[in-house]
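Chains H and V are the protein sequences, given in the same order. Under numbering that gives the first Met the number 0, the first residue of the first sequence carries the number 0, and numbering increases by one thereafter. Under numbering that gives the first Met the number 0, the first residue of the second sequence carries the number 0, and numbering increases by one thereafter.
Just so you know, not all the hints are guaranteed correct.
[Claimed, not checked] Calculated lysine to aspartate or glutamate pairs in the EDC-like style (CA-CA distance at most 20 Å, straight line):
no., chain 1, residue 1, chain 2, residue 2
1, V, K205, H, D14
2, H, K129, V, D187
3, V, K121, H, E52
4, H, K176, H, D218
5, H, K271, H, D344
6, H, K176, H, E137
7, V, K121, H, D218
8, V, K205, H, E255
9, H, K9, H, D65
10, H, K223, H, E262
11, H, K129, V, E183
12, H, K328, H, D344
13, V, K121, H, D14
14, H, K223, H, E352
15, H, K225, H, D278
16, H, K328, H, D314
17, H, K9, H, E70
18, H, K9, H, D208
19, H, K176, H, D164
20, H, K271, H, D249
21, H, K223, H, D360
22, V, K212, H, D164
23, H, K271, H, E255
What the hints contain is simulated information worked out from the structure, not anything from laboratory work. Since we're looking at a predicted model, the values are computed, not measured.
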Amino acid sequence: MSVLSVAGLKKSFGDIVALDGVDLAVDKGEFFALLGPSASGKTTTLRTICGIERPDQGQVMYEGQDVTHAEVRGRDIAMVFQTFALYPHLSIFDNLAYPLRQNGVSRDEVNRRVGETAEMLRLTHTLDRKPGTASGGEQQRIAIGRALVRRPGLLLLDEPLTNLDAKLRNDTRAEFKRLHRELGMTIVFATPDELEALSMGQRIGLLTDGKIVQTGTPDELYTKPKNAYVASMVGSPRVNLINATRRGADAAPSVETPFMSAEKGPWADALKAFPMGSDLYFGFRPNDIQPIGDGQTPGGPSFTARVHLTEPLGDIVILDLEAGGAELKMVLPEEQAVRYSVGDDVPVFVRVENTHVFARDTGTAIR
Amino acid sequence: MSVLMSLFSRKERRLREAGWGWTLFAGIISLIYFFPVLWIIMTAFKTRADALATPPVFFFTPTLDNFVAVFYRVAQTGSGEAIGTGMGGFFFNSIFVASAGVFLALIIGTLASYGFSRYPLKGNDTYLFVVLTTRMLPPIIVIIPIFLMFRMAGLSGSYIGVILLYAAFNLPFSIWMMKSFFDELSPDVEDSARMDGSSEFGVFFKMCIPQLKAGLAATAVFAVILTWNEFLFALLLTSTDTRTVPVAMARTIGGEIGVEWGLLAAIITLFLIPVFGVTYLLQNHLLRGVTFGTIKK
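The shape of chain H in the complex, shown without the other chains:
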């Protein structure tokens, strides 16, 4: 049973189309990630859900009721803004107490719940200060605390980690997961960072140009991308996409690139419907390409590639390869990667069972 459902949401600001028919359904207690590049309509979607923005078209259903045109303050929804939007003239205590006081909660109850929230978010020592004196991480926790203190049915987070530095971002990611688990709250959070979406979201809605391209679990988006765009948005380093052509026999199609030919992938059946010579993309993740060990039989199409850059990332290394004029990325564990240096020719193979094929004109996945 979805607690929030959004249908056909459209919104323009002057000539700029922000939302072009957004459809979403979020289940109760779900941690839902809205992933999209900047200016894809994430913020506008959240602002429409909480009522700050009125859609030109479409409907927002919340707990079975049409709230599309309901007042902002009547909705049981809280939002953490990207800018945190703390009340600069109020103490941190008063910031946290504000939503309660506005809703007529008694003084004792305010004290109790602010104290509780502050403790949970480790803000107790800051309560007398003004938000301007708090550190970035504290400011963010205040913003979250202010949203949590009145226990909303739905919590919206607009790029909650973007304004934090890298280390804090990692800590906070775990913090969010912990909060979600402890409070069992429905959370929708917007992020431009696929890593955040993959690591935090139970389901992800991929938003581009004001439309949801694909919704699914992180695993679904990663292993079964609907099109080449989704494949390239999800997963880091990015998926390798190589120009390819449909070849092979009618009943046993193959995908041919200038330097290799692949067959018997998960796409083999669907590809039969495509005429010979159709333009395709052949896609595979950087960790599905492997060097062929001595005496090993390759588990898929193989070719020789030249290393022209290595990016060591600690325990893993990204190798930039070049084969047949195409650039590829390969991810290897550090101990395996030390064997290769720039300029080496490396025999490699691709795990064909994990490969993707997309039609080049529409980008749609063939599967």
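Once you've looked at the hints, dock chain V against the given chain H.
Coordinates of chain V only, in the frame set by chain H:
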């Protein structure tokens, strides 16, 4: 490394405190600007002879005669009794008219600028420009129509007339200044307050206004100074009952015995006190108001 360190410490020192050279420089500049004021204050305590002495005297025996003369003068009839000059009333008029005018302009201006900033109309900039044009004409050009209008409306010489005029006079300035302050505020904070259950009234009074204390103070000070010194409209539109200090001051010039510099200086000295007081009270806000937006938060 040590070069880097010294660079750092030098920079830090420069941010915290100025060296003695700069302090001296700033002192001299301040003295140059403050000197005329200082001279007026000194003149207020001088006897007529000291005030007119050439070369000017810097050291003299101070007297309070001029201050007494501001409020009382000796009757010309020969009986020698002290008669009030009515200056106390004129001071009251100045304070009353200026505060009421500024207060009114601030209220209307703040509400209007909130609207201009948060709910822009089609052609918002045009309206703002129109508002500004009302201050583009020198007062001397509009004084005759205004005088005639006030006469016809029966506002001439009344408190309400001058107050309305000063409010109108300060309004464009208040709107423009306050709008720039509102533009600096993050609309997210207001949206957040709405989501936390604030009404539109709550958003304005509990969120915007407290954040704009500094801006309001700065606007108020500028408006007070502008209004306080205003002479032309006050000359033509006030009566004996509602006359303000600048007009009354002008009347002391041109007595039979020439300009009474000591008396004039005493009036000015007293006249400076309220402005000084307001500025002093609001100084912290004022500084923040003037630098509002220039430093990224």
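Outcome of the hint check:
1. V:K205 - H:D14: violated, 35 Å
2. H:K129 - V:D187: holds, 18 Å
3. V:K121 - H:E52: holds, 19 Å
4. H:K176 - H:D218: Since the Cα atoms of K176 (chain H) and D218 (chain H) sit roughly 18 Å apart, the hinted pair holds (cutoff 20 Å).
5. H:K271 - H:D344: violated, 34 Å
6. H:K176 - H:E137: holds, 18 Å
7. V:K121 - H:D218: violated, 48 Å
8. V:K205 - H:E255: violated, 67 Å
9. H:K9 - H:D65: holds, 16 Å
10. H:K223 - H:E262: Holds, at about 18 Å.
11. H:K129 - V:E183: holds, 19 Å
12. H:K328 - H:D344: holds, 14 Å
13. V:K121 - H:D14: Holds, at about 15 Å.
14. H:K223 - H:E352: holds, 12 Å
15. H:K225 - H:D278: Answer holds: K225 (chain H) to D278 (chain H) is near 17 Å, not above 20 Å.
16. H:K328 - H:D314: holds, 16 Å
17. H:K9 - H:E70: holds, 19 Å
18. H:K9 - H:D208: Holds, at roughly 11 Å.
19. H:K176 - H:D164: Holds: K176 (chain H) and D164 (chain H) sit about 18 Å apart, inside 20 Å.
20. H:K271 - H:D249: At roughly 6 Å apart (the allowed maximum being 20 Å), D249 (chain H) and K271 (chain H) satisfy the hint.
21. H:K223 - H:D360: Roughly 19 Å between the alpha carbons, so the hint for K223 (chain H) and D360 (chain H) holds.
22. V:K212 - H:D164: This hinted pair is violated, its Cα atoms lying about 32 Å apart.
23. H:K271 - H:E255: Holds, at about 14 Å.
In summary, the structure is inconsistent with hints 1, 5, 7, 8, 22 from the numbered list given earlier, while agreeing with the others.
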